[in-house]
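K.L.:
So you can see what is in the structure, the chains are spelled out below.
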Amino acid sequence: GAGVSQTPSNKVTEKGKYVELRCDPISGHTALYWYRQSLGQGPEFLIYFQGTGAADDSGLPNDRFFAVRPEGSVSTLKIQRTERGDSAVYLCASSPDSNSYEQYFGPGTRLTVT
Amino acid sequence: AQSVTQLGSHVSVSEGALVLLRCNYSSSVPPYLFWYVQYPNQGLQLLLKYTSAATLVKGINGFEAEFKKSETSFHLTKPSAHMSDAAEYFCAVSDRGYKLIFGSGTRLLVRP
Numbered sequence: 028g029a030g031v032s033q034t035p036s037n038k039v040t041e042k043g044k045y046v047e048l049r050c051d052p053i054s055g056h057t058a059l060y061w062y063r064q065s066l067g068q069g070p071e072f073l074i075y076f077q078g079t080g081a082a083d084d085s086g087l088p089n090d091r092f093f094a095v096r097p098e099g100s101v102s103t104l105k106i107q108r109t110e111r112g113d114s115a116v117y118l119c120a121s122s123p124d125s126n127s128y129e130q131y132f133g134p135g136t137r138l139t140v141t
Numbered sequence: 125a126q127s128v129t130q131l132g133s134h135v136s137v138s139e140g141a142l143v144l145l146r147c148n149y150s151s152s153v154p155p156y157l158f159w160y161v162q163y164p165n166q167g168l169q170l171l172l173k174y175t176s177a178a179t180l181v182k183g184i185n186g187f188e189a190e191f192k193k194s195e196t197s198f199h200l201t202k203p204s205a206h207m208s209d210a211a212e213y214f215c216a217v218s219d220r221g222y223k224l225i226f227g228s229g230t231r232l233l234v235r236p
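The listed protein sequences correspond, in order, to chains A and B.
Residue numbering for the first sequence follows our numbering, starting at 28 and increasing by one per position.
Residue numbering for the second sequence follows our numbering, starting at 125 and increasing by one per position.
It should be emphasised that the hints constitute simulated quantities derived from the structure, not laboratory data.
Don't be surprised by glycine CBs; every beta carbon is placed ideally from N, CA and C.
Treat the hints loosely; a few may be bogus.
Said to hold, decoys possible - In silico DSBU-like cross-links for lysine-lysine, where the CA-CA straight-line distance does not exceed 30 angstroms:
1. B:LYS182 to B:LYS223
2. B:LYS192 to B:LYS223
3. A:LYS38 to B:LYS223
4. B:LYS182 to B:LYS193
5. A:LYS105 to B:LYS223
6. B:LYS223 to B:LYS173
What the hints assert, rightly or not - Distance ranges between label pairs, derived from CB positions:
7. B:GLY140 to A:SER114: 37 to 47 angstroms
8. A:GLY86 to B:SER152: 13 to 23 angstroms
9. B:ARG231 to A:GLU129: 16 to 26 angstroms
All chains, full assembly: derive it from the sequences and hints.
P.N.:
Here's what the structure looks like:
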């Protein structure tokens, strides 16, 4: 079946602009996760959704970052007033439920802020 | 707090040689441990996981890892490297919850 998909695959934006990154999880997966991977580093947790609600957003770096999942499927990560330090690969993952320890990752969106 | 240390940001082996990628973890509770592989421009793929059953875990593509509580280690091995194994490998720990804590990764280079 189809895996996790993320769009766009690449996004270049100017400092100060607003961006939205989209994640389509595997169909039927109720748990969804966002991670951020900076160059030369492992992924870092940002936020976790169980269904429509954000169960843990403790990894969001500041209030410029926000994520939604209004219908419990597709999720959008929103970044306001982008900064050069936001440049990274943003990874989305999903799992069947919160008790499943296997997370299935998408290919990521590479965000470059100029 | 949990953490993962991967020793060696780059490991180079000859094709057919043993692959050993090192991972040490810190956790205040019995952990779940994972190895993921990342090929260029692709997402992370789960290689194997330890969830408190057998300490020797076999994964895909001939990889295996052994959980050693006394050494707080979960090293990844493969008896014979193949060119297609060249990729970046990440070790991760979970406190049995949903949040994965990743190491900084080890890039495996395979020489012909």
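K.L.:
Now look at each hint and say whether the structure bears it out.
P.N.:
Hint check:
Of the supplied pair hints, the one linking B:LYS182 and B:LYS223 holds, its CA atoms being roughly 23 angstroms apart against a limit of 30 angstroms. A distance of roughly 22 angstroms separates the Cα atoms of B:LYS192 and B:LYS223; the hinted pair therefore holds under the 30 angstroms criterion. For the hint linking A:LYS38 to B:LYS223, the alpha-carbon distance of about 26 angstroms falls within 30 angstroms, and the restraint holds. Our distance criterion of 30 angstroms between C-alpha atoms is met by B:LYS182 and B:LYS193, whose separation comes to about 17 angstroms.
A hinted pair counts as satisfied when its Cα atoms are at most 30 angstroms apart, and A:LYS105 with B:LYS223 qualifies at roughly 21 angstroms. For a cut-off of 30 angstroms, the pair hint linking B:LYS223 to B:LYS173 stands: about 14 angstroms separates their Cα positions. The hint said 37 to 47 angstroms for the Cβ distance between B:GLY140 and A:SER114, and at roughly 39 angstroms that hint holds. Take A:GLY86 and B:SER152: their Cβ atoms lie about 19 angstroms apart, and the range 13 to 23 angstroms holds.
Between B:ARG231 and A:GLU129 the Cβ separation comes to about 24 angstroms, which falls inside the hinted range of 16 to 26 angstroms.
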